[in-house]
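The numbering used here puts the first residue of the sequence shown at 159, with every later residue one more than the last.
One or more hints might be untrue.
35 angstroms max Cα-Cα, derived DSBU-like pairs, lysine-lysine [what the hints assert, rightly or not]: (1) K228 - K250; (2) K178 - K228; (3) K178 - K250.
No lab work stands behind these hints, which were simulated from the structure alone.
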Amino acid sequence: EERAEGLARDVLRRIQFMRKIMEMPVEAFVEVEVYAPEEIREALEERADYIANEARARSLRLVNRAEDVKGELVRDWEIEGYRVRIGLTRLKS
Numbered sequence: 159e160e161r162a163e164g165l166a167r168d169v170l171r172r173i174q175f176m177r178k179i180m181e182m183p184v185e186a187f188v189e190v191e192v193y194a195p196e197e198i199r200e201a202l203e204e205r206a207d208y209i210a211n212e213a214r215a216r217s218l219r220l221v222n223r224a225e226d227v228k229g230e231l232v233r234d235w236e237i238e239g240y241r242v243r244i245g246l247t248r249l250k251s
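Could you put together the complete structure from these sequences and hints?
Right under this line is the structure:
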């Protein structure tokens, strides 16, 4: 439970950083795609609504392979020793 919360916050922090790199206004919406290894994917699935809501994501899709992550900006991150790939796409308002 606590671990899932921590993972969700870590992923959210990376998404917020990526939004900043893209110079997105706070009110802008995005689509998010995330690849995470099986060991932590379930924890992220449990917190997907929280992550999507806080990140202003119209959709958050968890994918099974890193190669499947698409986005305007795609970055690999290390979270708790795992490689997590996040893709963000800016949505037209």
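Evaluated hints:
1. K228 - K250: Given pair K228, K250 holds - Cα atoms ~17 angstroms apart, limit 35 angstroms.
2. K178 - K228: Holds, at about 18 angstroms.
3. K178 - K250: Within the cut-off at roughly 17 angstroms; holds.
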